[in-house]
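Take a look at the letters that make up each chain.
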Amino acid sequence: MTDSVQSSAGANRRWLGPAEVLIGPIVIALVVAVLVALGVMGWWSVRAERTAVVAARTAHIVSTSQLLADSVHSMLASGDVAAVRRLMAGSGQQNGLLTCRVELPDGSIVADNETSRITVESLPDKWTGGDASGEVVQRLDENELTLIYPIQIPGRGVVTLRVGASTGDTAQVAETTVVVVVAVAGLTLILIVLLYRPARSRVVPYALIREALLSVQRGEVDPEALKVSDALGPEARVWNELVGKQEKRDQDQLLDRALESAASQKSGAGSFGLIGDALWQGIVWGGDDMRVSYANGAAAVLLKSSREAMVNTDAVDLFEDEVVSAIREVTEGNDSRRRTIETDQNNADNAEALRVSIRATGDRQSKTVLVVIEDITQQRMAEQTRRNFVDQVAHELRTPLTNISLNVEVAVDDGEDDPELRGRCLNVINQETQRLTQLVNDMLSVSEIEAGSMSLRHDDIRLDAVFADLQEDFKQLAKEKQVGLMFDLPPKLPVIQGDRDKLVISLHNLLGNAIKYSSVGGEVTVAISVEDGKLSVAFKDKGIGIEKEELEKVFDRFYRANDSRVSQITGTGLGLPIAREIIRRHGGDIIASSALNKGSTFTINLPYKPEAA
Amino acid sequence: MQIKEQTQGAVMVLGPEGALTQDDAEQFKGRLTEALAESSGRVVVDLSAVPFVDSRGLEVLVEANEVLIDGGRSLKLCGINETIREVMDLTGLALRFDHYDDTNSALRSFH
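Respectively, the protein sequence lines represent chains V and A. Per my numbering, the first sequence starts with residue 1, numbered consecutively. Per my numbering, the second sequence starts with residue 1, numbered consecutively.
Derived by calculation from the structure, the hints in this document are not laboratory data. A virtual CB, placed ideally from N, CA and C, is assigned to each residue, including glycine. Please note that the accuracy of each hint is not assured.
Below are the EDC-like pairs computed for lysine to aspartate or glutamate, each with C-alpha atoms no more than 20 Å apart in a straight line [unchecked claim]: (1) V:126 / V:106; (2) V:534 / A:17; (3) V:553 / A:54; (4) V:126 / V:144; (5) A:4 / V:589; (6) V:548 / A:5; (7) V:245 / A:54; (8) V:304 / A:34; (9) A:4 / V:552.
So these bits of chain A aren't anywhere near chain V, every CB distance computed over 12 Å [what the hints assert, rightly or not]: (10) 11; (11) 27; (12) 30; (13) 31; (14) 36; (15) 40; (16) 54; (17) 81; (18) 82; (19) 85.
Throw the hints in and build the complete structure from the sequences for me.
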């Protein structure tokens, strides 16, 4: 459905592209103009042709009729009626006359081209009536011309010669002209169609450029969106060059603004000031009056002040007492050794550590002091973490090793004669060995994460199989701890992409914790939901819970909650940080919520790409 | 725009998610400014979830960098994709920032 909509939309775009929008109205107007011009020309030609044909035919009929009138006059004057009748019949046939008749004033017909119409046998001797004026009457009705000649027959009276003739077949003339006009119109249209393609290809660049200009008016600012294909011709290339130049100008302006901003913020301390500002260590330089002569930007940042405010300020107002004493000793004494002091600045927001080095400069007459300040907060924290790590590792290794050592001793000394005791000892040794293996594996994972060398495979992970295995793996442990383990699975689980082994480690760590921190007779629920490309796995227990303040800390390495019940349960404090890092590397996160003594819920939220239908 | 935040020791890692353009860039500027003040400049900007940066987004990064440059440091960026790198190369801004492949490498630079 969607495809067909897209393809029809694509077809519309193809047929009503920018070029069509631009030249379409012109082409339609041109076609209409050509057709109207040809129509008017055809109508005018037909009219002129008809007029000419009628005029020529009328002239012919008039001259023929005049001759007939003269002949009738002479023939009837001599009384030769038969000759008149032959003349009428012959002339009517030869000249294509419709009517050719000689009548008496009373309407009786003396002669006619149709002999059957004759109503008198012979000409009377004398009669009266008729038009004696001799004026010829000419009438044109439709396509028929009628001429009436009054002829005076000496001694007898007036007869009338009536000649009727068609003015000609003008319909045929019109038909020929229409055929010619239609043919010319057809050829013109074919020519327009043939010329359309080359004209369109010439117009396309202009049309696209016009569209780009209109999109600028609508607020488009991305230069890439304004460019057109170079393949459209030289106009397109020139346009792209202009857009490129404008883009470059914008970027230059941006850079200039940034540089101006940087320049305006720097003090005018000359090249020394520039060098000082390039250092990430803070530098404060002062005289023996304990007042600051120069401070670089880093010093201002580290001492939470500004360069302008620091200059001429007493060192007492800037540094802690210990540092002030050291500065005083340096300025007053002759000691030119470097003094280094590490200070902790604890404030409401955070704790910061600075290393301050003080050294005398200048000579005995004009003694000056250089104070170099380094930010060692992160180093401190890293060192503290490392120390904690070593302590924890030592502690975690010592416990199982002590247990192993003791049980080996008991098994060797007393187990020889007591197979049951030996079995118990070996069982403990086995459990402690597994614990050591788990600890070493966790430490290796942490080390990988720390070093940034943890790589992820891209497996197809069948979640139904993963959760079935998980259920199987923890069935025994839950049974031993008498904890009810429930899995709330949707009817269908997707296949997702990721590192199967590492995701299984995360699930194991979270479920292992949920069971571990549940009381006997407790309940653990694993609820999985799948929605719009997001997988959510919630591990909910009704165990000892975590205090609100400690919720985020449980994701720190080796962190164990400050609860006596926790310290009774073995654990490395590495499971949660490893699980969270693995899920984060997969683009998701783990969220913890808990209420003390009521239980905790750890939820994995993991985005995944739904399989193509 | 979602901005993922993590505190690693004394360093704050800001991870904007989505294109850093116009209004989103303004929103990110607000958070970045706060983070720089809170952590005395110990900030890493993780751009691994940012597909594209427009001129406003670049300005925000440049402005933050200028503040840090005053203190002798520069903004530490990580996870930059090829598109953003090209934009920075073209504008000549690439050399003004500290670049790292991932967050851990950027964090180690504070030691």
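Taking the hints in turn, this is what the structure says about them:
no., hint, verdict
1, V:126 / V:106, "holds, 13 Å"
2, V:534 / A:17, "holds, 16 Å"
3, V:553 / A:54, "violated, 37 Å"
4, V:126 / V:144, "violated, 33 Å"
5, A:4 / V:589, "holds, 10 Å"
6, V:548 / A:5, "holds, 19 Å"
7, V:245 / A:54, "holds, 17 Å"
8, V:304 / A:34, "holds, 15 Å"
9, A:4 / V:552, "holds, 15 Å"
10, 11, "violated, 6 Å"
11, 27, "holds, 19 Å"
12, 30, "holds, 17 Å"
13, 31, "holds, 16 Å"
14, 36, "violated, 9 Å"
15, 40, "violated, 6 Å"
16, 54, "violated, 7 Å"
17, 81, "holds, 15 Å"
18, 82, "holds, 15 Å"
19, 85, "holds, 15 Å"
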